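Protein chains in written order, with our numbering: chain Z, 1 to 280; chain W, 1 to 260.
The hints are simulated quantities; they were obtained by calculation from the structure and are not laboratory data. A hint or two may mislead.
[Said to hold, decoys possible] Quick look at which bits of chain Z chain W covers, simulated, 3 or more residues with Cβ under 8 Å: (1) 34-45; (2) 53-67; (3) 109-120; (4) 218-226.
[Unchecked claim] Below 25 Å or equal to it, Euclidean Cα-Cα: the simulated SDA-like pairs (lysine to any residue) are: (5) W:K139 with Z:E100; (6) W:K74 with Z:I50; (7) W:K139 with Z:F56; (8) W:K74 with Z:F79; (9) W:K139 with Z:Q217; (10) W:K74 with Z:G224; (11) W:K139 with Z:G223; (12) W:K74 with Z:G223; (13) W:K74 with Z:A62; (14) W:K245 with Z:Y112; (15) W:K74 with Z:F103; (16) W:K74 with Z:I231; (17) W:K74 with Z:Q52; (18) W:K74 with Z:A77; (19) W:K95 with W:A118; (20) W:K95 with W:Q110; (21) W:K74 with Z:F233; (22) W:K74 with Z:L269; (23) Z:K186 with Z:L269; (24) W:K74 with Z:E100; (25) W:K74 with Z:D64; (26) W:K139 with Z:V221; (27) W:K74 with Z:R66; (28) W:K139 with Z:F215; (29) W:K74 with Z:L115; (30) W:K74 with Z:F56; (31) W:K74 with Z:V60; (32) W:K139 with Z:I50; (33) W:K74 with Z:H58; (34) W:K245 with W:A118; (35) W:K139 with Z:L218; (36) W:K74 with Z:A220; (37) W:K98 with W:T168; (38) W:K74 with Z:W205; (39) W:K74 with Z:T55; (40) W:K245 with Z:Q113.
Remember, it's a predicted structure, so these values are computed and weren't measured experimentally. Note that the Cβ used here is the ideal one computed from N, Cα and C, for glycine as well.
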Amino acid sequence: MAFKDKPAGGRLVKRHSVVVRVTHWITFVCLAVLLMSGLQIFNAHPALYIGQTSTFDHPVFAIDAREVGDQSQGYVALFGHSVTTTGVLGVSNVDGQPTERAFPSWITLPAYQDLGTGRKWHFLFAWILVLNGLVYLIWGFASRHFARDIVPDRDDLAHTGEAIVEHVKLRFPHGEAARRYNVLQKLAYFGVIFIALPLIVLAGWTMSPGLDAAFPQLVAVFGGRQTARTIHFIVAFSLVGFFIVHVVMVLLTGVFNNMRSMITGRFDLGAGKAGEVTHG
Amino acid sequence: MAEFRTSRRGLIKAGLAGLSGVALAGCGKIASQDWVTNILDGTNELTYRVQRAILGEHAMAREYAESDISPHFKPNGSTDPSDPAYKAMAADGFKDWKLEVGGLVDHPFQISLAELRAMPSRTQITRHDCVEGWSCIGKWTGVPLGLILDRAGVKDEARYVLFRCADTMDDGALDGPTRFYGTIDLVAARHPQTILAYDMNGAPLQVPYGAPLRVRVERQLGYKSTKYIMKIELVDSYADEGEGKGGYWEDNGYDWYAGI
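Bound conformation, chain Z alone (with noise of 0.2 Å):
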């Protein structure tokens, strides 16, 4: 029953229930270990395409590392475009050795290279996103917690010039209008929950032999299994933009009142730090 309590005490309302801010931390660790152990399947071929098999000459993405003169130098190359990237991409030091390897040791999951391993976290972790998913996709309709708070209605859209002049500004609701999410804010969340999660989730299961024997579907809609594939990383980079933006809205709203909201569920309506601190 988010936003609907009356302020308890001072100005904190009730802002998010216990089945969001429970799910939502489950998703968050969830998605930090499918990263990490993402990032080390992608390195066991680090290279992406489009359609129904692998091009290897002609990767439209492409993570490697070539000989210029006696040194390995790393390099990111899209569409036959490549950038030097050695020191991160391509080429990283492991235990101070300069080493061929796409994503670097300390972004990985283990830190060395073990695709094997790299599979078990990223399907023990894609397992608890899809459940933990689903209770929330469920007690969201049933309880309109996605009608109320987060579909936006036409007044929230006819508003989304202003609030993104708003933003730009870095000047962010409080008091009343605090009480509910502002139209960028659902249409944020509404895109994550909606499409890009139920997406990187339909990509991944497009990649597994078995589920393409008995989904055909998945692979006709994706184009292709490498198609899916090329999606599933993109989508990964997609939330891990989202997730740079919400944490810097979080520190500009407001850390404490964030977080306690997350964690306890109390808001602090009047808090306005936001506003103190962006006009200082």
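With chain Z fixed as given, assemble chain W onto it according to the hints.
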């Protein structure tokens, strides 16, 4: 203001570095615990059961058109077995090679390549998905494994088909090379698309692709499609083979069920 921003950025950077450090150290420690290994292996068991329930015994892997065949099919795993006996057989076109079928069967037998070729065959153009992430499409012709199992008469207690192979892995290892092997369950073995392939893209199977005979297990990843098969053995358990995980790749960390 500038100072405030710098310090905040510094703080965030330090915080992230600290967090990732703790996470990495934590993961390393956590990952080596037995209960974590059990959960990770249990996940594969869960995936196996759920996929089997969804898939049933007969759902077919997609078959493609001639025009979809990959111009270059990347060979995976071992591509040129060093075993001298194998090399000798390959040199004379596998004339003396015989597939041995045994274990928990009523009628063990041996069969030559010519006799296999005389049996009913199936040709399929399918996608080979490597565990690394790449895919290639190839055309395979061979004897349905189910026909071989029927001819041998599988005993009731048999649960897996064990493939013993000609190729060795880790040739430089101190305790000597490891003979490649692999296992699949009887549902996979009797699936209509599971064939013992002797032809690839209309020509006899070449050495990098598993000559003279390999299995195609089309609803699982490429590492289950064992190459260089010498013997097929019906077993009730694979616990006593190798490290007991059900195959060379499984002993080296890959999951036994590779439908995902």
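Here's how the hints hold up against the structure:
no., hint, verdict
1, 34-45, "holds (count 4)"
2, 53-67, "holds (count 3)"
3, 109-120, "holds (count 9)"
4, 218-226, "holds (count 3)"
5, W:K139 with Z:E100, "violated, 34 Å"
6, W:K74 with Z:I50, "holds, 17 Å"
7, W:K139 with Z:F56, "holds, 19 Å"
8, W:K74 with Z:F79, "holds, 21 Å"
9, W:K139 with Z:Q217, "holds, 22 Å"
10, W:K74 with Z:G224, "holds, 18 Å"
11, W:K139 with Z:G223, "holds, 21 Å"
12, W:K74 with Z:G223, "holds, 22 Å"
13, W:K74 with Z:A62, "holds, 17 Å"
14, W:K245 with Z:Y112, "holds, 22 Å"
15, W:K74 with Z:F103, "holds, 23 Å"
16, W:K74 with Z:I231, "holds, 23 Å"
17, W:K74 with Z:Q52, "holds, 14 Å"
18, W:K74 with Z:A77, "holds, 21 Å"
19, W:K95 with W:A118, "holds, 15 Å"
20, W:K95 with W:Q110, "holds, 14 Å"
21, W:K74 with Z:F233, "holds, 22 Å"
22, W:K74 with Z:L269, "violated, 60 Å"
23, Z:K186 with Z:L269, "holds, 18 Å"
24, W:K74 with Z:E100, "holds, 21 Å"
25, W:K74 with Z:D64, "holds, 18 Å"
26, W:K139 with Z:V221, "holds, 24 Å"
27, W:K74 with Z:R66, "holds, 21 Å"
28, W:K139 with Z:F215, "holds, 22 Å"
29, W:K74 with Z:L115, "holds, 19 Å"
30, W:K74 with Z:F56, "holds, 9 Å"
31, W:K74 with Z:V60, "holds, 18 Å"
32, W:K139 with Z:I50, "holds, 21 Å"
33, W:K74 with Z:H58, "holds, 14 Å"
34, W:K245 with W:A118, "violated, 35 Å"
35, W:K139 with Z:L218, "holds, 22 Å"
36, W:K74 with Z:A220, "holds, 24 Å"
37, W:K98 with W:T168, "holds, 19 Å"
38, W:K74 with Z:W205, "holds, 23 Å"
39, W:K74 with Z:T55, "holds, 10 Å"
40, W:K245 with Z:Q113, "holds, 21 Å"
The structure does not agree with the numbered hints 5, 22 and 34 stated previously, though it agrees with the rest.
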